[in-house]
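Q: One-letter residues, chain by chain:
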Amino acid sequence: MNNTFNINRFGLLLKRQWLDFGKIYLISLLVVAGVLIGFYSYYIPSIERRTDNFDYDGNLDLRFRYGIFLILGFLFTSTVASGYFSILRQKSRAILELMTPASVTEKLLSGILYTALVSLTGYLIIFYIVDLGFVKYLNSNIDAFRIANPKVPEAQSITYQMFSDKNYREYLEYFFAIPFLITSIFLLGSVYFNKFHYIKTAISVMIFSGIAIYVIYKAGGILTKNMVNISHRSAHNDRDLAFLMILLVTSALTLIFWTIAYIRLKEKEV
Amino acid sequence: MNYTLVYYLTNTVGMIKINNLNFGYSKQKPLFKNMSMQLSNGHIYGLLGKNGAGKSSLLKNLAGLVYAQSGTLEVMGFNPTKRQPALLEQICFIPEEFYLPSVKIDAYVKANAPFYKNFNHGYLFELLKEFDIPANNKLIDMSYGQKKKFIIAFGLATEAKLVIMDEPTNGLDIPSKAQFRKIMASALTDDRCIIISTHQVRDLDNLIDTVIMLDENDVALKASVEEITNKLTFKKVKELDESIIYAEASLSGYNAVMPNYHNEDSKLDMELLFNAILAEKIKFKPLFN
Amino acid sequence: MEFRDNKAIYLQIADYVCEHILLGKWKADEKVPSVRELAVEMEVNPNTVMRTYELLQNKNIINNKRGIGFFVDENATEHVKTYRKIQFIDDELPVVFRNIYLLNIGFDELEAKYKTFVKENFNA
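Residue numbers (the numbering used here), protein chains in the order written: chain A, 1 to 270; chain B, 1001 to 1289; chain C, 2001 to 2124.
Derived from the structure by calculation, the hints contain no laboratory data.
All values derive from a computational prediction rather than experimental measurement.
In this text, a Cβ means the ideal position worked out from N, Cα and C, and glycines have one as well.
The reader is advised that the hints may include incorrect statements.
Listed next, the stretches of chain B that the computed footprint assigns to chain C, with coverage defined by at least 3 CB atoms under 8 Å from CB atoms of chain C [as the list claims (entries may be wrong)]:
id : region
1  : 1071-1077
2  : 1116-1129
3  : 1276-1289
These stretches of chain B come out as covered by chain A in the derived footprint (C-beta under 8 Å, 3 or more residues) [said to hold, decoys possible]:
id : region
4  : 1056-1067
5  : 1088-1094
6  : 1106-1113
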């Protein structure tokens, strides 16, 4: 039998890990759904409670949901990723995990699958359902809003906007790797640190990105010292390049963090 | 199946080969210095040593849970630190402190048993019955002793060839200890190697056929019970004389260890031997080279 | 079974087997428990029982039928007696002799005691 990867064994491992991971994950999803419903109930346009129900374009004002989507998404995926390997902190649990007859590769892949794919998918589905529910609810009461603003169009779900509106879609693909980057960082943090891994990971990220920004800024300053900025009306191309770089760098960093997590898992001692 | 594995399962050979192992949790305080030893299948090894002598650490080295600084360690032809599934499924490791998830027994078995291709469900059922554990119990609701009996039963049912147990009788009540001894007596097969660390020697002394004693960063003694009682005799004496290597006062005189000049077949007193070696290490060295 | 302090375990198990044969619990040509069964019953290492069976085989008390197991020898009772006699003379008699000598017990007195003992215990 292959000692690095075997699809049957990987399937068994996923089933086994679900016993531990699944419960916490499903409860967290419920919490997310609760928080979402709370935020939506509070911020959603309402005839009785609010007077400013419309945005500048005269649509029903649903702008609050973009921020919630990003912040809650960050918190949920990072927490889930941060919890996955934290069981290795407890000696007794770590022994059970490490002695399970599956390869290190399979154990890491199972972690990636659960923390990156499953957690993200779950979050997107929950968000989609809650958002759709509230949008349907708004649209069923659209006549009440039309008293104040007769031309107000029906509200659209956030998902529909993403896929139908070119403005939203245009650069979306370039940010594709960012949620994976976030989960990879926190997955690494969960296997790297022994205590307070969430906070330590967050602080490490801040310090490293601070240093990175400083270095880039300084390097940019030194490299362009005594140079003059010449524009050739090629600003648009440069912007495309910058976005492409964002995609490449975030993807590369994600892979690097997963690789480091693999090495840490391999070297884990109890 | 891996060729080396087949070889190790069908032959009585060094199942475990330790060569010049150096290990410690910090560079200043080495635990093992150039330790070498071979263990083979068909035996129950009793690992003895003072607190902190490194019993658990040796067991963890064998299971690949910690990494040595230098030297080699081979288990059934594998390097355990690589944590390869083919080896992991042949190791049953019962730690002193263990964890069990909060699921029912059958859910745990369903999730974990398929990793072991020789897993014997009938045997598990028998063992749970022998240990008086109801099969539909929730693991989290069981007492420490019951949990321990469950992981021992599960571990043995994997049919793993290397069974490593760290203080297995800790937390077992008196009837459970007897059940444990019966189960271990039946668990020893020719292709199995069982290593049990213990400081409660009296619980296990008739189960152990080979004694391994750790002291001062090395193996102080590794000898079969037969070899020990061939070379030494353990008996009660009224008075001490020069032939006695070590003695402890008792009610009716002394419990003494002495060279076995008259080919006596005495019963090995493991506790006495343990204390004797700690006290008179130099005198034992020439007897067991 | 409770093991005593001073005698090697494998010899105590041999005594146990001999006792069963002498008392007629295990009869000639009958199968004796397998090494594993006896080890489980006694809570000892199977290698120890193996050593016992090897010893008893050498004394012609049991014999090994290849692939089937160990059986009580047809003349087992006789062989047990021979084995036990040697054991008694070698191990236990010197202690008795020592006491007889130290306590100055006469052979006449001893003979009388012996006869009453046999009468009381075995009705012979």
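Q: Hint by hint, say whether it matches the structure.
A: Status of the hints after comparison with the structure:
Counting residues of the region 1071-1077 of chain B whose beta carbon lies closer than 8 Å to any beta carbon of chain C gives 0, which falls short of the minimum of three for the stated coverage. Given a C-beta distance limit of less than 8 Å, the hint that chain C covers the region 1116-1129 of chain B is violated, as 0 residues qualify and 3 are needed. Residues of the region 1276-1289 of chain B with a Cβ under 8 Å from some Cβ of chain C number 0, which does not satisfy the need for three, so the listed coverage is violated. Evaluation of the coverage hint for the region 1056-1067 of chain B: fulfilled, as 6 residues show C-beta separations to chain A shorter than 8 Å, against a requirement of three.
Counting residues of the region 1088-1094 of chain B whose CB lies closer than 8 Å to any CB of chain A gives 4, which reaches the minimum of 3, so the coverage claim holds. For the region 1106-1113 of chain B, the stated coverage by chain A is satisfied: 4 residues place a CB nearer than 8 Å to a CB of that chain, which reaches the threshold of 3.
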